[in-house]
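Line by line, the protein sequences are chains A and B.
Counted from 1, the first sequence has number 319 at position 319 by our numbering; the numbering is strictly sequential.
Counted from 1, the second sequence has number 158 at position 158 by our numbering; the numbering is strictly sequential.
For the record, the hints were derived by calculation from the structure and aren't laboratory data.
Keep in mind it's a predicted model, so treat the numbers as computed, not measured.
Do not take every clue at face value.
To give an idea of the chain A side of the interface with chain B (calculated C-beta under 7 Å), a few residues [said to hold, decoys possible]:
1. F97
2. D356
3. W358
Distance ranges between label pairs, derived from CB positions [as the list claims (entries may be wrong)]:
4. B:G258 to A:D209: 48 to 58 Å
5. B:T87 to A:N21: 29 to 39 Å
6. A:R281 to B:R88: 31 to 41 Å
7. A:S123 to B:R167: 49 to 59 Å
8. B:R91 to A:K144: 35 to 45 Å
9. A:M77 to B:L89: 33 to 43 Å
10. A:M77 to B:R91: 36 to 46 Å
11. A:K144 to B:G224: 24 to 34 Å
12. A:T337 to B:I169: 51 to 61 Å
13. B:L89 to A:T321: 22 to 32 Å
14. B:L127 to A:Q98: 48 to 58 Å
Virtual Cβ for every residue (Gly too), placed ideally from N, Cα, C.
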Amino acid sequence: MPQRIPASEITAAQIGAAEINAENIGKTFGAFRALNDLSLDIRRGEFLTLLGPSGSGKTTFLMILAGFIAPSEGRLMMNGKDITHVPAEDRSYGMVFQGYALFPHLTVEQNIAFPLKVRRRNSSDIKRRVGAMIERVGLVGHEKKLPAKLSGGQQQRVALARALVFEPSVLLLDEPFSALDKNLRALMQEEVKRLHQETGTTFVFVTHDQSEALALSSRVAIFNHGELLQIGGPQDVYERPASRFVAEFLGEINLLPLKGVIRNGSGATGRFEDRAIILDRATQKIGDEAVAAIRPEHMHLTETPPPADCNAITCCVEGATYLGALTKYHLKTKTGTPIAVSIPTAAASPLNSRTDVWVSWPTREGFLLPAGE
Amino acid sequence: MIAKSSGKLLLLAPLLLFLGLAYVVPFLGIVRWSFTLPEPGIGQYRAVFSDPLVQSVFLRTLRICLVVTAASLLAAYAIAYVWVRGTRLQRMLAEFCILVPFWISVLTRAFGWLALLSNRGLINTWLEAAGITSEPLALARNELGVIIGMTHFLIPFAVFPIASAMRSIDERVLLAARGMGASRSRIFWTVFVPLTSGGLIGAALIVFVFALGFFVTPAILGGGRSVMVAELVYLRIFQSPDWGLGAAISVILVLFIGVLLAMMRRFIKPAHLVG
Chain A
1 MPQRIPASEI TAAQIGAAEI NAENIGKTFG AFRALNDLSL DIRRGEFLTL LGPSGSGKTT
61 FLMILAGFIA PSEGRLMMNG KDITHVPAED RSYGMVFQGY ALFPHLTVEQ NIAFPLKVRR
121 RNSSDIKRRV GAMIERVGLV GHEKKLPAKL SGGQQQRVAL ARALVFEPSV LLLDEPFSAL
181 DKNLRALMQE EVKRLHQETG TTFVFVTHDQ SEALALSSRV AIFNHGELLQ IGGPQDVYER
241 PASRFVAEFL GEINLLPLKG VIRNGSGATG RFEDRAIILD RATQKIGDEA VAAIRPEHMH
301 LTETPPPADC NAITCCVEGA TYLGALTKYH LKTKTGTPIA VSIPTAAASP LNSRTDVWVS
361 WPTREGFLLP AGE
Chain B
1 MIAKSSGKLL LLAPLLLFLG LAYVVPFLGI VRWSFTLPEP GIGQYRAVFS DPLVQSVFLR
61 TLRICLVVTA ASLLAAYAIA YVWVRGTRLQ RMLAEFCILV PFWISVLTRA FGWLALLSNR
121 GLINTWLEAA GITSEPLALA RNELGVIIGM THFLIPFAVF PIASAMRSID ERVLLAARGM
181 GASRSRIFWT VFVPLTSGGL IGAALIVFVF ALGFFVTPAI LGGGRSVMVA ELVYLRIFQS
241 PDWGLGAAIS VILVLFIGVL LAMMRRFIKP AHLVG
């Protein structure tokens, strides 16, 4: 049984220490390779998001963490102890399921009390903890209701309360917001973030929504086809993706194929159409050809040539999409490469279709990715 | 809207007509007998409630039906569990055990049990041959035999509503309970069984209602010593010319079953009964 350390006693030295180590985990279902040679450290107190499209292996990994499925290879260590074959009921992690999985025959109160009853806490203790938890998640007044009588957001709160009431050291969340509408989603994201900060519990969160991952996490692990592609802070993975898949999965990106790429200190230069492109960051191993990747929000649109210290290409306006806070312009380069540029609507000036404009961006923005893929 | 619903009524009409002619009209005739034979009045009903023989038959029927219901539910729960949650092979076997009895007539099954349970039946012969007993055990031609035969007949009817309730349990709810540290037996008793309670109540009512009207099985396996209500009605009408009393007993039985069916409608959706 893992020793629970109350949030208040976690020292600075303990935050960031590895709590769970996954070592070379693999999982095969019949002929399907769901996870391949996955190694990953989960740090105490962090908010780690497993992000990827469906079938990428993120949920399989969560289920292995929870103990509901056993890995085909590799081992799982917790605080230095091998827990690969410890069954779910003995791991005592909190878990919030997709669809919440509340007990439909039990009231809100009874649902939240369940894990405490399993642990044979005395009834006054149960009453106190359940009451405190109900207050914390804002369900006062709903104690005696059955889950079917609650809204989606309220059911979500019950699921969170039930998963946290026994103060587990780790909380696993499997796409908990997928059934909620946009506003409620944003609200519950804030709620989960707050609960993470208040409890100091390690959160491992599965989602396929990149904005959710970036908004909530201290680290994001990106999965595809059973492989862990990259792990890092939200800003790291968004601004310095290691592969084209990660770059594109985390948000829209413009890809400019470069020729004659030459390394230049920590950066690189190359040629796109008839213009030289300079990028200050080029951490990737690259050959003569590579792809410059620039986020739409990092680019500017001007009708006159931009300052000389920026990269600039000429494009033709194809159209614009009004997105509320942002306006997105669709453009094409001379050779037909599509370019998207997002501009805050307040700063956007009307541009007619078919006009030629300059698209520019500072050399510090953007990064190089290997060609091909 | 009206045109639509009357169209549907038209589709139902042949069934309604058949039920009306085959059941409702004859039943009204029986109700009339119960108030008119041998003379007009409620004398027959008074007799039902005062005749110690009739009363003892009613009590025995209730007792047998309760025991049969309990035994059927227990067995059906286990079979339904294997049917719904077992391995592929277990599921196939369970399905076989549920369906095969349906294809064999109630009469054949009653005689089959007699061949097994009677004094010179297989079980008693084997027990004596093995030297375990010296006297034949009284397994048939008594209440025990009736209970065994009826339970065997009624188990499949209990399996369907229970299995249907088990199938509608969200697997994640059980996983959630495990994840919270609950042992398998705790999950079974505090989550699984309560979530199938609707199916259990439905199964109990179906089995009980069916059991109340049992005739063939008690007549054969009870050997005339464990007469149940349906057999009593038969005896009153066909063997002693006491049509009025037989009719009154029938009416009481039908009313009782009507009340139970009304209860059943409150507890479960009809769709649950067919699985």
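Now for the hints, and whether the structure bears them out:
no., hint, in the structure
1, F97, "holds (5 Å)"
2, D356, "violated (56 Å)"
3, W358, "violated (54 Å)"
4, B:G258 to A:D209: 48 to 58 Å, "holds (56 Å)"
5, B:T87 to A:N21: 29 to 39 Å, "holds (34 Å)"
6, A:R281 to B:R88: 31 to 41 Å, "violated (56 Å)"
7, A:S123 to B:R167: 49 to 59 Å, "violated (35 Å)"
8, B:R91 to A:K144: 35 to 45 Å, "holds (39 Å)"
9, A:M77 to B:L89: 33 to 43 Å, "holds (37 Å)"
10, A:M77 to B:R91: 36 to 46 Å, "holds (38 Å)"
11, A:K144 to B:G224: 24 to 34 Å, "violated (56 Å)"
12, A:T337 to B:I169: 51 to 61 Å, "holds (54 Å)"
13, B:L89 to A:T321: 22 to 32 Å, "violated (58 Å)"
14, B:L127 to A:Q98: 48 to 58 Å, "holds (57 Å)"
Checked against the numbered hints given earlier, this structure breaks hints 2, 3, 6, 7, 11 and 13; the rest are met.
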